[in-house]
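> Sequence:
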Amino acid sequence: MKLDLETIKKLAKSIEEHNLSEITVEVNGTKLTMKKEELKQELANSIKYVEKQSTYTSKEETVEETTNAEDIIEGKDIVSPMVGTFYSAPSPDSEDFVKIGDKIEVGDTVCIVEAMKMMNEVKSTISGTIVAIKSENGKVIKKGETLFVVK
Numbered sequence: 094m095k096l097d098l099e100t101i102k103k104l105a106k107s108i109e110e111h112n113l114s115e116i117t118v119e120v121n122g123t124k125l126t127m128k129k130e131e132l133k134q135e136l137a138n139s140i141k142y143v144e145k146q147s148t149y150t151s152k153e154e155t156v157e158e159t160t161n162a163e164d165i166i167e168g169k170d171i172v173s174p175m176v177g178t179f180y181s182a183p184s185p186d187s188e189d190f191v192k193i194g195d196k197i198e199v200g201d202t203v204c205i206v207e208a209m210k211m212m213n214e215v216k217s218t219i220s221g222t223i224v225a226i227k228s229e230n231g232k233v234i235k236k237g238e239t240l241f242v243v244k
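Each residue of the sequence shown is one higher than the last, beginning at 94 in my numbering.
Calculated from the structure, these hints are not laboratory results. Be aware that one or more of the hints could be misleading.
To be verified - Simulated pairs of lysine to aspartate or glutamate, EDC-like, Cα-Cα distance not exceeding 20 angstroms: (1) Lys124 with Asp97; (2) Lys236 with Glu207; (3) Lys227 with Asp170; (4) Lys232 with Asp186; (5) Lys227 with Glu238; (6) Lys103 with Glu119; (7) Lys216 with Asp170; (8) Lys103 with Glu115; (9) Lys129 with Glu109; (10) Lys128 with Glu110; (11) Lys129 with Glu110; (12) Lys216 with Glu188; (13) Lys244 with Asp170; (14) Lys227 with Glu198; (15) Lys124 with Glu99; (16) Lys129 with Glu115; (17) Lys232 with Glu198; (18) Lys128 with Glu99; (19) Lys192 with Glu238; (20) Lys227 with Glu207; (21) Lys216 with Asp201; (22) Lys192 with Glu167; (23) Lys128 with Glu115; (24) Lys216 with Asp189; (25) Lys227 with Asp201; (26) Lys129 with Glu119; (27) Lys227 with Asp189; (28) Lys129 with Glu99; (29) Lys235 with Glu214; (30) Lys232 with Glu214; (31) Lys244 with Asp195; (32) Lys216 with Glu229; (33) Lys227 with Glu167; (34) Lys227 with Glu188; (35) Lys210 with Glu229; (36) Lys102 with Glu115; (37) Lys169 with Asp201.
Please read these numbers as outputs of a predicted model, since none were measured by experiment.
Working from the sequences, and respecting the hints, build out all of it.
The following block contains the structure:
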């Protein structure tokens with residue numbers, strides 16, 4: 094037996110025909126191993142079916158829901174200086190930098206934004222009292238997204 098292209102093609106075909114996962118042949122000191130990848134099965138296992146729910150509402154209902162869903166809080170915003178992950182405390186077992194009702198001054202650290210494995214302290218650019226926290230710990234945030242509202 095020779096390990097030429099035609100022989101290799103026959104071996105590949107026999108893997109399919111006999112439903113083998115692997116075949117190894119050694120000829121004159123040359124060893125050839127061929128493995129069958131189960132891509133179709135892996136893909137089928139990784140596909141998740143999501144049921145889409147349709148909801149129909151009238152214009153009046155939509156307006157009503159939108160007004161109730163939005164918390165309109167007046168004050169000045171502290172926004173994220175970058176895209177990253179929001180952390181409200183320096184470590185998981187530490188207290189939050191700030192809570193609703195806390196008084197802050199310019200330069201106070203209010204949170205951390207992790208971007209590209211770098212922990213960046215976000216400092217307040219305004220003084221006042223925290224009246225709302227608009228992000229959740231561990232949530233991905235965008236640049237310019239409101240993190241806190243200060244009055």
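> Does each hint hold? Answer for all of them.
Here is how each hint holds up against the structure:
1. Between Lys124 and Asp97 the CA atoms are separated by roughly 13 angstroms; this keeps the pair inside 20 angstroms, and the hint holds.
2. For a cut-off of 20 angstroms, the pair hint linking Lys236 to Glu207 stands: about 12 angstroms separates their Cα positions.
3. Under the criterion of a C-alpha separation no larger than 20 angstroms, the hint pairing Lys227 with Asp170 is consistent with the structure, at around 10 angstroms.
4. The straight-line distance between the Cα atoms of Lys232 and Asp186 is roughly 17 angstroms, inside the 20 angstroms bound, and the hint therefore holds.
5. With a C-alpha separation of about 9 angstroms, the suggested pairing of Lys227 with Glu238 holds against the 20 angstroms cut-off.
6. Under the criterion of a C-alpha separation no larger than 20 angstroms, the hint pairing Lys103 with Glu119 is consistent with the structure, at around 15 angstroms.
7. Pair hint Lys216 plus Asp170 holds up; C-alpha atoms about 12 angstroms apart against a cutoff of 20 angstroms.
8. With a C-alpha separation of about 14 angstroms, the suggested pairing of Lys103 with Glu115 holds against the 20 angstroms cut-off.
9. With a C-alpha separation of about 8 angstroms, the suggested pairing of Lys129 with Glu109 holds against the 20 angstroms cut-off.
10. As the CA atoms of Lys128 and Glu110 are separated by approximately 14 angstroms, the hinted pair is consistent with the 20 angstroms bound.
11. Taking the CA atoms of Lys129 and Glu110, the gap is near 12 angstroms; set against the 20 angstroms cutoff, the hint holds.
12. Pair hint Lys216 plus Glu188 holds up; C-alpha atoms about 17 angstroms apart against a cutoff of 20 angstroms.
13. The straight-line distance between the Cα atoms of Lys244 and Asp170 is roughly 9 angstroms, inside the 20 angstroms bound, and the hint therefore holds.
14. For the hint pairing Lys227 with Glu198, the CA-to-CA distance comes to about 19 angstroms; that is within 20 angstroms, so the pair holds.
15. Our distance criterion of 20 angstroms between C-alpha atoms is met by Lys124 and Glu99, whose separation comes to about 16 angstroms.
16. Distance check on the hinted pair: Lys129 and Glu115 sit about 6 angstroms apart at the alpha-carbon level, within 20 angstroms; holds.
17. Of the pairs offered as hints, the one joining Lys232 and Glu198 is violated, with about 25 angstroms between alpha carbons and a cut-off of 20 angstroms exceeded.
18. Taking the CA atoms of Lys128 and Glu99, the gap is about 18 angstroms. The hint holds against a cut of 20 angstroms.
19. For the hint pairing Lys192 with Glu238, the CA-to-CA distance comes to about 18 angstroms; that is within 20 angstroms, so the pair holds.
20. Between Lys227 and Glu207 the alpha-carbon distance is near 17 angstroms, which keeps this suggested pair within the 20 angstroms criterion.
21. Simply put, Lys216 and Asp201 have alpha-carbon atoms about 5 angstroms apart, close enough for the 20 angstroms limit, and the pair holds.
22. Taking the CA atoms of Lys192 and Glu167, the gap is about 17 angstroms. The hint holds against a cut of 20 angstroms.
23. Taking the CA atoms of Lys128 and Glu115, the gap is near 4 angstroms; set against the 20 angstroms cutoff, the hint holds.
24. Of the pairs offered as hints, the one joining Lys216 and Asp189 holds, with about 14 angstroms between alpha carbons and a cut-off of 20 angstroms not exceeded.
25. For a cut-off of 20 angstroms, the pair hint linking Lys227 to Asp201 stands: about 18 angstroms separates their Cα positions.
26. A C-alpha spacing of about 18 angstroms is found between Lys129 and Glu119, which places the hinted pair at or below 20 angstroms, so the restraint holds.
27. Note on Lys227 and Asp189: the hinted pairing holds, with a Cα-Cα distance of about 14 angstroms set against a maximum of 20 angstroms.
28. Pair hint Lys129 plus Glu99 holds up; C-alpha atoms about 18 angstroms apart against a cutoff of 20 angstroms.
29. Straight-line distance between C-alpha atoms of Lys235 and Glu214 comes to about 15 angstroms, which keeps the hinted pair within the 20 angstroms bound.
30. A C-alpha spacing of about 16 angstroms is found between Lys232 and Glu214, which places the hinted pair at or below 20 angstroms, so the restraint holds.
31. A hinted pair counts as satisfied when its Cα atoms are at most 20 angstroms apart, and Lys244 with Asp195 qualifies at roughly 11 angstroms.
32. Our distance criterion of 20 angstroms between C-alpha atoms is met by Lys216 and Glu229, whose separation comes to about 17 angstroms.
33. For the proposed pair Lys227 and Glu167, the alpha carbon gap of about 13 angstroms is at most 20 angstroms, so the pair holds.
34. Straight-line distance between C-alpha atoms of Lys227 and Glu188 comes to about 17 angstroms, which keeps the hinted pair within the 20 angstroms bound.
35. Under the criterion of a C-alpha separation no larger than 20 angstroms, the hint pairing Lys210 with Glu229 is consistent with the structure, at around 19 angstroms.
36. A C-alpha spacing of about 14 angstroms is found between Lys102 and Glu115, which places the hinted pair at or below 20 angstroms, so the restraint holds.
37. Taken as a hint, the Lys169 and Asp201 pair is honoured in the structure, with Cα atoms around 15 angstroms apart against an allowance of 20 angstroms.
Checked against the numbered hints above, the structure breaks only hint 17 and satisfies the rest.
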